[in-house]
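Undergrad: Okay, here's what each chain looks like letter by letter:
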Amino acid sequence: MTYNCYNKAMSENNKKYSIDEISELTGFTRRTIRFYIEEGIIRAPAGRGRGGFYYDSHLSDLMKIKNLQDSGLNLSSIREILKSESGDYQILKEQEEVFEDYKRDIWVRCEIAEGLELHFKRSTEEKSGRKINEIIKIAKNISKEI
Amino acid sequence: MDTDNDFGLSLITGEEVPLEGVKVKAYINGRGSKVIITQMFKNTGKNAIEAVYKFPLPSDSAVCGFRAIIGDRIIRGEIEEKEKAFKIYDEAMAKGDGAYLLDEERPNIFTLSVGNLNPQRSAIIEVEYVSLLDSSGNGAKFYLPTTISPRYIPDNMPDQNGIPVDETINPLFAFDVDYGLKISVEVSGKDLISSIDCPSHKLKTSYGSNTICQEFSSDTVKMDRDFVLNIAYREDLKSRAYYFEDKKSGVGFVELDLSPRTDEKKDSSKSRQNEIIFVLDCSGSMEGSSIVQAKNALEILLRAMKPGDKFNIYRFGSTFNKFCDYSVVYDDDTFAKALAFIKNTEADLGGTEILAPLNDLFKGDDNKNIKNIILITDGEVGNEDDVIKLVKLNSAKNRLFTVGIGYGPNEYFIKGMADATGAASQIVHPEERIEPKILGLFNNLSHGRIENIKIDWEAGTQQSPSDVVLFEGGNVSVFAKTVRIPEKIKVSGMLDDKLLNFEIPVICLGEVESPIPQLWAREAIKELESGMVMQPGSAQTRRKEKSVNDKVIEISKEFGVISRLASFVSVEERSEEEKTKGAAILKKIPVMLTKDWHGLKAGVGAPAPLMSTYDSALISSNNICEGEPPFANNEVSLNKKVTPDSFRSNSSGQHLRAKAFSVNNKKVILSNDREELLLEILSLQKPSGGFEISEEILKALGIDYNNLKETAKKIIGSSFDNKFTPFQFLYSLVILEVLKSKFSDKKDSWEAITGKTENWLNEQNMKYKPLIGNQGIPEFIKKNVLPNLSSAI
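First to last, the protein sequences are chains A and B.
Quick note, the first sequence lines up with residues 259 to 404 if you use the numbering used here.
Quick note, the second sequence lines up with residues 1344 to 2136 if you use the numbering used here.
So that you can see chain A by itself, here it is in the shape it has in the complex:
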């Protein structure tokens, strides 16, 4: 499967996120996400220019970077890891079934406040739709009162 085919398949099968949503879910600022796109660390959004949208694949790429950062790595080291893994990733991406399994196993970490995180499986989010987003918003509101 070529990259374009993969992208098309993803766009048909996956949720679309705006940059605000993807920023909220990952904890990365809009500025940081733009920087990663400029540097080729993640792919550009689909659609035209900056107003494009993002897929689960963007989300999982960003969460992977986030997890590596949380383990104490800086971007320079993360680039090296991503580079060395890129072959594996490509295989995964080209094997949709394997990728779907992989995707279902992804745990997403969402920082609610300093020292407080919400963890949920990607498959759970798929089942519960936007409710996860609502939970995140409510949790953030409650955390402001702590």
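Bear in mind the hints are in silico, worked out from the structure with no lab data behind them.
A few of these clues could be false.
[To be verified] If you want a taste of the chain A side facing chain B, the calculated C-beta under 7 Å gives, among others:
{"id": "1", "residue": "T290"}
{"id": "2", "residue": "E296"}
{"id": "3", "residue": "N332"}
Yeah, the Cβ is synthetic: ideal placement off N, Cα and C, and Gly gets one too.
Start from chain A and add chain B according to the hints.
TA: For chain B alone, coordinates are given in the frame of chain A:
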């Protein structure tokens, strides 16, 4: 785009950039300045672009204006929280509108983003700031950096918000760029000014009715070095206070410029023993003129020390080493060894890992006395805040004086470290005389800090800065919000155990526009930012950090002043036809590598730097003048006639070293150069006190060497032994009397460092009671030597 990875930098060659040029218009009045920087962009390509330009500003500037001029439209920037500002910018770009964003990365590094610049279109960006000049005595210094020197980023430095620090503060670099700088500086109060000199560039001068205007003598210059303009006023700057009411908010602000002067004579015999640690930056960026200048400064400082002081020397780069394991007592032997240690020093220690030597210095600090540290560096690091935090945590027992050198030192870092410990800093341009500045710093170190300064504002609140650091002879500006107009401001402080009291009447500025609220805001922000010096990790720290951040953003927005947490943003809404279609191509604008950085000969073809000087009495032939100079009748001045050539030879980094060793080679000293003569005299002071005898210096003073030697043979006294050398004693006393009578105007340069000679002479006097005939030696010198000195001094 070709790139070269020398020194870990991406050096760009042959890239066409959308920045056409930079113009600066500066207005100076007393010790205040307003500056407008205009950057002109043009997209000559076929696709829309996003131009990103990193540029420097003085670290104390309050950036309070940001405008984009597109054709006949002026779009004013608004201050917004940094990420919100980016969102506004980003969304405008997504819509195809023009978008303009100015971020502060460091107090002296800014990033301008010009978004969606369509093909064949231009954009003019204006950045406005106000600042107070560094001032001392009767002098004020206007300083404008033009390029960012490459900053060394330690390997273990964490990313900021997931972005490497290198990306936020280091621009792309080029040996040469097509765009250049034009500058025009208008200095008000023509009749109050005695001289203006520009050690960094050659200028031409023109005169208005009350102003002196300085511009580059060539059309544009390369942006590869700081611009420096030294203004000397006829009289010392005086303490003063201004009240200004912000009509919009109804809030009053006071600016207090403190310049306390005391005529107390200092008793050098009472000054305490110091421990001084010299820390010399030997990283690669210091290669070239910087390391020569640094070694020169260190030698001057070593010569100025008192017998009995303790000292040590650190050299650092990627690693560090020391002169001795622990500080040693200063005497003839350790001085000679230290000189040899310096002589063998090169800028060959790699990166700029400054934390390691400082940690070594601070560890096991059980000494009760305050340790004085003098750091000589270009300050080209990216972990400024980590170093400043470390220094501040250790400020109870250490004072860190800093000397910044090179064509583009990191002024924020150099001042920030000194400020964190209540010490002083000096930045010396390579074309400036280093000696007076270094000796002035040494004076600050020995004594002269006014402690425990308290200011009674009558009705004042929110003073910024809350801790005032002021050295005798220096100036400082303090700001406060007030609820009503104060009549006068009372200031008290302690200087050498003596209570000082001052009262400064307040001048109300009425309807006049004033930047005082913005200057107050800048100081308040700076203080809030520097206050965050707690160990990271605790919940309390995080809560406090959030509350400080919120306060910084609130002040930024209220006063329209940029900060690290709040940016300027503006949006140019476009019609459908004008909107940018598709994604704009990112164009990072390279900046020119700082002259002589790493010893590289950057800027080939750039105009040669020539010192330019305006003097109220004499105008040098190389300083092009237009209009009427204020003192065309060649009023008597002690300054010699200045020509670029004579300055060149004096201002070489090798100056004092060459002179110090030239004596044995019978080098002739030009008797008409007072300042050079003074420095020559001082360079021959012995570590234990007294001066090495120099036939050349005597000749320059108009004293016959043989006559003086014969006179010394007539000295009588009691219990002479082989430790008393009459000629040495007489010579040293003559020199000291010459300094007192003929160089009283330069007392700041010599008084602190000749204390050891005064002590040495007093000891000899007490022990041997020397006389000539029945006269004391000082009386003899006053009657017979001083009246016959050369008229040239």
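Undergrad: Which hint numbers does the structure go against, in order from smallest to largest?
TA: none
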